[in-house]
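Same order as they appear, the protein sequences are chains P and A.
Read in order, the letters of the first sequence correspond to residues 1 to 326 in my numbering.
Read in order, the letters of the second sequence correspond to residues 1001 to 1248 in my numbering.
Any given hint might turn out to be false.
Within a straight-line C-alpha distance of at most 20 Å, the following computed DMTMM-like cross-link-like pairs (lysine to aspartate or glutamate) qualify [stated by the list, open to error]:
| no. | chain 1 | residue 1 | chain 2 | residue 2 |
| --- | --- | --- | --- | --- |
| 1 | A | Lys1103 | A | Glu1081 |
| 2 | A | Lys1090 | A | Glu1134 |
| 3 | A | Lys1090 | P | Asp299 |
| 4 | A | Lys1012 | A | Asp1056 |
| 5 | A | Lys1012 | P | Asp216 |
| 6 | A | Lys1090 | A | Asp1106 |
| 7 | A | Lys1090 | P | Glu215 |
In case anyone wonders, no lab produced these hints; they're calculated from the structure.
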Amino acid sequence: MKLTALLISLCLVLFVTSLVTGTTPVSVWHSFASLFATDGSPMSVVMQQIRLPRALLAVMIGASLGVSGAAMQGYLRNPLAEPGLIGVSAAAGLGAVLALQTGLAAAFALALPLSALLAALIAVAMILSLAGPGGAALTLILAGIAISALASAFTSLVLNLSPNPFAAAEIVFWMLGSLADRSFAHVWLALPFMAVGWVLLGSLGRGLDALTLGEDAAAAMGVRLTRLRLALVIGTAACVGAGTAVAGSIGFVGLVVPHVLRPFVGGQPSRLLWASALGGAAMVLAADIAVRVALPDRDLKLGVLMALVGAPLFLHLIYKTRGTLQ
Amino acid sequence: MTVLTLTDMSVKRGACPVIENVSLTLHPGECVGLLGPNGAGKTTLMRAALGLLAHDGTSSLAQMTSMERARACAWLPQAREIAWPVSVEKLVRLGRLPHSGTKAEDAAAVAGALAQMGLQAYAQRTATQLSGGEQARVLIARALAQDTPMMMADEPIAGLDPAAQIATMRVFSDLAASGRTVLTSLHDLGLAARHCTRVIMLYQGGIVADGPPAEVMTPENLAQVFGILAHYEMTDRGPVFQTLDILE
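The following block holds chain A by itself, in its conformation from the complex:
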C-alpha cells in the first residue's frame, strides 16, 4: 500500500527547472525527512505533489479532487499565517473544514490535537497574541486536527525552542508509528537522524539519496549536497549527529 506516489515529477519556473524527474513512493508508517540546502526544491516538490503548483509527471495526491485530497493529506506551509485574532481553539478547528463529521467528532479531534501539541491551556487565548513559536505549535495542531492519513509539513520546527522541536518530532514519529505517513522538510539534520525512519536528500531539483538516516547521511552525501563536514555516531542513546565545519 502506498500513500503518495510521484512519477517523473518536474516543475519549471519560467524555463528554469526547479524539480526534475523526481519519482518517489511513500508508505504508511514512514516518518520521512526531506533534506537539502536552501533552494534545493523541497518546498516546490511538496507543493507540486499536493497539486498546488503546475507540474509535469503525476502525483497521486494531485490527481484527487480538492476535497478528497484535503481528507487525504494535511499541509502545513512554511509561511505561518494567522490573519485574524481568532482563539486558538477556533484556529485548530479550521482543520475540521474538509470533514463533514458531527460536532462531537470535531470537538474530539480538536481536543486531541491541542493535547498532542501541549496547548490545552492555550485553547481560549487569542492566536495572534502568542509568540512566534507558540503560533507555530498552534498551526501544527491545526494540521493534526485535519486527521488525515498523511501530513506534509514545510520546516515545521524552525524557530521552536529545543524542547518544542523534540516534542514536535516525537508527535510526527508517533503519527508514523500509528500507521500514518509524515513528510517534513527539515534543516536540523540531528533531529532528522534521530526521529525520521527515512530521509530523502534533495539537491538541485533531484533526489541524491533516499533511505534510512544512517545510510543517507554519509560524509560523501553531506559533502556533495550541503558542503559540510559532520560527525555521525550511533550511541546507546540513539544516533548523534553534529555538524562540524564548512568544506572549502
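Just chain P, with the same shape it has in the complex:
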C-alpha cells in the first residue's frame, strides 16, 4: 500500500509539473488560474486545450503501456515480454503511415488515429485466428512476431515508395512518437478503448497469479486459460492500439516499468498490474516533461528520449541482477 501511495503522489507531482511546463513563460500560479479561467485568454487556451490533454494523454498512454506490459510478462512468465509482442503496435503504426501517405491524414483531423485503430483491429483479428482459441503461449508469440514483421515490411514499403523526401520525413517523425500538439479529440478517441483495455487487463490478476505455477497447475486451480488469453490479447490490443494511434510508437515503458517494480510487489503478478499502470504513467509524464525541458526548441520526440533513457536503465538493471538471473 505504501508503494501505491508513493506512485500516486509521484504521478500527481509529475502531472502538475507537466501542466506548468512549456515554452510560454508564465508563473505557476498564473498557469493554474488559467486552467480554470473561462475568459478565453490565450493562456487559458494553452492550458485547457494544449497542456491539459497532453498531460492526460501521457497518463493514459503510460498507464496503458505499463499495465499491458505487466500482463504480458505475467501471462508469458517472461520478464522480457512487452506489449508490442503481439504485433498490434506495429500494425497500428502501419495504419497511421498509410493515412499519412494517402493524404487522408491531411483531409480530416482524426483520420490518422482512426486508420491506426482500424489496422490494430485487423491485427488482433489475425492474431486470434492464427493462434486459435486453445493454442499455447508460444503460438501467440509466433503469430505476433509474424504480424509485426509483416506490418513493418509494409511500413518500409510505404517509405520506400514515398514520392518525396518531405512525405518520408513526415512518416519517420510520426513514428518516433510524440505527445506534442494533441487535443482533447485525441483524449476522447483513445479513452474508450483504453478504458476497455484497463478493465480487461485489470481482471486478470488472479489468473496471472495462478500462472506463476505454470499453465497446467493454473488450469487445475480453476483458471480458464482460453478466456484469460482472449482478455489479454483484446485488452493489450485496445490499450496499445489506442496509444499508438494517438501518440505513435513509444517503446520501453511496457518492458522496463514492470521489471523495475517487480521486486517492490514481492513478484506477485496481480499487484504488479496496478503498480505498473501507475509507474508507466509516471514514466511517460516524466519523459514528456523532459523532452520539453531538454531541447525546448527542437521538438525532441518522446519515443526517442524514452529509448535513450530506457535502454541504459535496462542495461543497468541487467548488470545489477545478472548474478540472480538463472
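Following the hints, put chain A in place on chain P, whose structure we already have.
Frame of chain P; chain A shown alone:
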C-alpha cells in the same frame, strides 16, 4: 462413496492411442500409487482425468465446472514451475485461489500446509532461490493448502532427499488416513510398497494390475511391465522391496 470414477477413458495423440479404455474408481481413504515405466501413460491418464486433455469416455472430475473441480482435486504437475521470485508463504497461498474463504481460514490452511511439509522456517524466503528439492516441497505445500478431498500428484518425490521422500509419502498416507484420497505417480517402487494402500500398474496405456501392493507387485507383473527382477519381503518393519536386475 467414490471420489473419482473413470469410465472407458481413452486418449489419442494423433492416431496413436496413449490411454485405452481405462476404467477405475477411487474411494476416500485410499493412497494410490500409479506405477509404470516411462511412457506408460501415467501423466496422460491423470491429466485426462482432470479434464486438462481431450479424451473419450468419462471422468467424474472432468465433468465438473473448473471451479468445482479446483475445490475437489488439487493437481501437482511434474514440471516444477515457479515463474516469479515470490515468497514461499505467498506461493503456498496460491493454493487458496479456488476458495472464497475468510482471511483467517486461508492463513490457517497456509500455515497448516507449511507445517505439514516442515517449511515453517522458509515462509519468508524467496521461492526461486531455494534448492530444487526445497522448491518441490514448497509446491507440494501449495497443493496441500488447496485443501481438497483429493490430491493428484505427478512424480512428487523425484529429486527429493531420502528423508524428504519418506516424509512426503507419510504426508500422503496421513491424508488418506484422514479420509482423503491421494493418487500419485511414482518411480520408487519401494516407497510405493510401504506407503500406498493400493497400487495401479499401467503399461502401454492400459491397467495391468490394481490392488494392494503385495498382490500387484508380483515377479510376473514386474517382469512384464518393468522388465526387472526384484526382491519383495514382508518383514517386521514393513514390506521391503528392492530391485535387483534387468531381465533380458
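Right, here's what the structure says about each hint:
1. Restraint check for A:Lys1103 and A:Glu1081: the C-alpha separation of about 26 Å exceeds 20 Å, so the hint is violated.
2. Taking the CA atoms of A:Lys1090 and A:Glu1134, the gap is near 15 Å; set against the 20 Å cutoff, the hint holds.
3. In summary, the hint linking A:Lys1090 to P:Asp299 is not supported, as the alpha carbons are separated by about 47 Å, beyond the 20 Å threshold.
4. Among the hinted pairs, A:Lys1012 with A:Asp1056 is consistent with the structure: their alpha-carbon atoms are about 9 Å apart, no more than 20 Å.
5. Restraint check for A:Lys1012 and P:Asp216: satisfied, since their Cα atoms lie roughly 19 Å apart, inside the 20 Å limit.
6. The hinted pair formed by A:Lys1090 and A:Asp1106 meets the criterion: a straight-line CA distance of about 11 Å does not exceed 20 Å.
7. Annotation: proposed proximity of A:Lys1090 to P:Glu215 holds, straight-line Cα distance about 18 Å (limit 20 Å).
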